[in-house]
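Q: Sequence order for the protein chains is D and A.
Residue 1 is where the first sequence starts when you use our numbering, and the numbers rise one by one after that.
Residue 1 is where the second sequence starts when you use our numbering, and the numbers rise one by one after that.
Simulated from the structure, these hints should not be mistaken for lab results.
One should not assume that every hint holds.
Because identical chains cannot be distinguished in the list, a pair is counted as satisfied if it fits within a single copy or across any two copies.
[Claimed, not checked] Here are the computed lysine-lysine pairs in the DSBU-like style, where the Cα-Cα straight-line distance is at most 35 Å: (1) K288 / K167; (2) K299 / K163; (3) K167 / K299; (4) K184 / K299; (5) K288 / K165; (6) K163 / K288; (7) K176 / K288; (8) K275 / K299; (9) K178 / K299; (10) K184 / K36; (11) K288 / K275; (12) K7 / K39; (13) K176 / K299.
Protein chains: 2
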Amino acid sequence: MKCTRCKAPAMIALPGHNAAFCPDCFLDFFERQVEKGIKEGCGYRAPQMTAADDIAANCAETPAGAAEVDAATRAGHSNQVSPPLFTREERVLVALSGGKDSLALMLVLARLGYQVTGLHIDLAIGESSRQARAIVESFCGKHGLDLQVAEMAAEGLPIPRVKEKLKRPICSACGKIKRHYFNKAALEGKYDALATGHNLDDEIARLFSNILRWDASYLGEQGPLLYAENGFARKVKPLWRLGEYETASYAFLMGIDHHTMPCPFSKGASFNIHKRVWADLEQAMPGKKLNFYLEFLEKGRRHFTEACHATEQSLAPCERCGYPTSSGVCGVCRIKEIVR
Amino acid sequence: MKCTRCKAPAMIALPGHNAAFCPDCFLDFFERQVEKGIKEGCGYRAPQMTAADDIAANCAETPAGAAEVDAATRAGHSNQVSPPLFTREERVLVALSGGKDSLALMLVLARLGYQVTGLHIDLAIGESSRQARAIVESFCGKHGLDLQVAEMAAEGLPIPRVKEKLKRPICSACGKIKRHYFNKAALEGKYDALATGHNLDDEIARLFSNILRWDASYLGEQGPLLYAENGFARKVKPLWRLGEYETASYAFLMGIDHHTMPCPFSKGASFNIHKRVWADLEQAMPGKKLNFYLEFLEKGRRHFTEACHATEQSLAPCERCGYPTSSGVCGVCRIKEIVR
Chain D
1 MKCTRCKAPA MIALPGHNAA FCPDCFLDFF ERQVEKGIKE GCGYRAPQMT AADDIAANCA
61 ETPAGAAEVD AATRAGHSNQ VSPPLFTREE RVLVALSGGK DSLALMLVLA RLGYQVTGLH
121 IDLAIGESSR QARAIVESFC GKHGLDLQVA EMAAEGLPIP RVKEKLKRPI CSACGKIKRH
181 YFNKAALEGK YDALATGHNL DDEIARLFSN ILRWDASYLG EQGPLLYAEN GFARKVKPLW
241 RLGEYETASY AFLMGIDHHT MPCPFSKGAS FNIHKRVWAD LEQAMPGKKL NFYLEFLEKG
301 RRHFTEACHA TEQSLAPCER CGYPTSSGVC GVCRIKEIVR
Chain A
1 MKCTRCKAPA MIALPGHNAA FCPDCFLDFF ERQVEKGIKE GCGYRAPQMT AADDIAANCA
61 ETPAGAAEVD AATRAGHSNQ VSPPLFTREE RVLVALSGGK DSLALMLVLA RLGYQVTGLH
121 IDLAIGESSR QARAIVESFC GKHGLDLQVA EMAAEGLPIP RVKEKLKRPI CSACGKIKRH
181 YFNKAALEGK YDALATGHNL DDEIARLFSN ILRWDASYLG EQGPLLYAEN GFARKVKPLW
241 RLGEYETASY AFLMGIDHHT MPCPFSKGAS FNIHKRVWAD LEQAMPGKKL NFYLEFLEKG
301 RRHFTEACHA TEQSLAPCER CGYPTSSGVC GVCRIKEIVR
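Whole structure, please, built from the sequences with the hints as guidance.
A: What follows is the structure in structure tokens.
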């Protein structure tokens with residue numbers, strides 16, 4: 001098998017792209033796909049401005065940073081073309097778990113010349129968290145990249161203690177806490193966007209799960225770009241065009257040492273069966289995953305955006321921390337109270 | 001394993017229903033599920049009457065039978081509850097291919113006391129069609145059931161000749177021809193509904209295929225009940241709550257001799273990979289197929305009905321045969337012209 005571009009021996013076959021690459025050409029392909037994903041944004045029409053957006057954009061009383069609604073971004077683009085995820089003039093905060101996806105994302109964005117700062121959340125889950133933090137710190141040190149660390153122990157939310165006090169599964173609470181602190185750090189640091197390492201396989205598994213439940217409000221907002229609004233930072237997923245295999249290959253070829261110790265509280269992802277099913281479909285029809293995701297963004301999602309706007313309009317600032325919630329006191333503040 | 005109902009030894013396990021049955025109790029279960037599927041209709045809100053419906057309902061110039069729009073059925077039901085697929089006072093034409101699903105459907109409806117007439121379309125595909133027709137005739141004779149046969153050779157459309165003359169895949173043309181003559185027979189015979197033997201697995205494979213393409217106009221109308229309108233007979237799928245395995249078990253237990261000779265022109269259904277994927281999901285999560293279909297009917301479909309109404313409004317009578325088409329002369333009349 002020869003490299004599709006340079007005819008040297010190929011090492012990485014990508015049937016979905018009808019191509020195979022040598023290591024150098026693969027790295028080039030990977031970076032181009034990331035750049036394309038950033039430029040394309042998400043290939044869908046920017047949502048109409050709603051009355052709620054206008055309020056949020058002009059409201060001085062929403063929490064720090066929340067007034068920075070992407071009103072200008074939206075207004076500056078027609079209803080036909082999506083804005084890019086972010087530009088080289090903007091500051092991007094990258095969520096770094098220490099896994100290969102997040103580290104690959106950080107490195108590729110830095111190499112492409114974007115302004116990135118890492119954010120690691122230390123969950124205080126014993127040896128697993130210690131290893132994750134050490135890997136992230138060593139990675140950022142090696143590549144000369146800025147890093148912030150948010151310590152959940154200092155916030156009164158060490159995850160083992162949360163698990164002990166909470167009567168419900170820890171994974172959803174832990175996810176809620178991480179999203180809260182990612183958002184807080186992005187808004188307080190006045191970053192233009194918060195980037196996560198979700199890849200195409202993650203997006204497909206989530207999309208399929210949302211379809212299986214016909215959850216219209218999730219379906220209406222799923223995509224590589226969520227505009228900043230109502231106290232939420234802009235959220236972006238620059239790896240959305242690349243699957244797990246491509247991201248793992250990039251991390252391997254770039255010599256990224258990543259966190260491999262599984263979380264002791266997680267019993268394996270619930271998305272596993274969905275990922276297996278989609279691996280079968282991809283094998284039978286190479287390129288189906290990307291094609292399905294693109295078709296969703298272009299033709300499927302718009303049927304659900306109304307449900308999504310209805311949900312957004314029910315949000316208000318949390319009575320304690322000021323971050324958006326649909327229920328008086330937000331989930332994280334309620335967890336804090338239980339743990340205290 | 002014991003029968004869930006009578007504690008006799010069970011022969012048929014149905015994990016999706018968290019049950020197992022002896023043969024007698026299974027037959028009872030099967031008939032109750034069909035009855036439930038007929039009564040429930042499709043569990044969704046009847047669509048709003050549109051201006052186009054009013055026109056169709058009052059128009060004397062639409063082809064024979066087409067004025068029988070289910071306006072009364074719609075008007076008689078609130079927007080919250082679906083009407084049944086049909087009642088015991090209505091006359092139902094059942095499409096009989098000779099396969100186990102269609103024969104099982106015919107038999108179960110007759111046993112439940114519905115007014116059924118069979119309709120077989122003789123496609124004139126050599127030995128395969130001869131065998132299918134003989135089986136259908138023998139089945140209807142044995143059970144004392146009324147049968148009509150429409151001969152495609154007499155209509156100038158023997159399928160082998162259509163295949164010879166047509167430059168495109170025969171399966172879609174053959175499907176178009178069958179749908180046309182099913183509809184024609186239902187309207188000309190003034191039947192209240194046209195029933196087909198599609199089961200839950202067929203519906204799931206079709207739904208998944210429509211989702212993969214995000215085909216909004218198909219998604220907006222998919223379901224066990226399509227109201228009569230604009231020159232189309234009411235179409236119903238009474239086996240929609242039952243999978244292939246249940247239908248095959250019913251056919252086996254009732255001693256139904258069915259057509260097994262594959263069509264020489266079909267290279268295996270394109271839905272096969274979708275069915276395999278859903279078999280995996282069903283195994284991992286018993287009951288998922290029915291649950292997903294019900295959730296679609298209740299929560300998913302409504303997001304697509306607008307697209308569906310837009311398509312309906314582009315239909316007009318075919319210039320030659322008078323049956324509805326979106327393109328001047330309908331597909332079947334165009335095929336006839338090519339074959340002649």
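Q: Against this structure, judge whether each hint is valid.
A: Verification of the supplied hints:
1. K288 / K167: between (40 Å within a copy, 28 Å between copies)
2. K299 / K163: between (41 Å within a copy, 34 Å between copies)
3. K167 / K299: between (41 Å within a copy, 30 Å between copies)
4. K184 / K299: both (33 Å within a copy, 34 Å between copies)
5. K288 / K165: Between copies only: 33 Å across chains, 44 Å inside a chain, cut-off 35 Å.
6. K163 / K288: Close across copies (30 Å), not inside one copy (39 Å); limit 35 Å.
7. K176 / K288: both (31 Å within a copy, 27 Å between copies)
8. K275 / K299: both (22 Å within a copy, 24 Å between copies)
9. K178 / K299: Classified as both: same-chain Cα gap 31 Å, cross-chain 30 Å, threshold 35 Å.
10. K184 / K36: Within one copy only: 28 Å inside, 52 Å across.
11. K288 / K275: both (13 Å within a copy, 16 Å between copies)
12. K7 / K39: This pair counts as within: shortest intra-copy Cα distance 29 Å, inter-copy 64 Å.
13. K176 / K299: Answer is both: 30 Å inside a copy and 26 Å across each meet the 35 Å cutoff.
Hint check: no violations occur; every hint is consistent with the structure.
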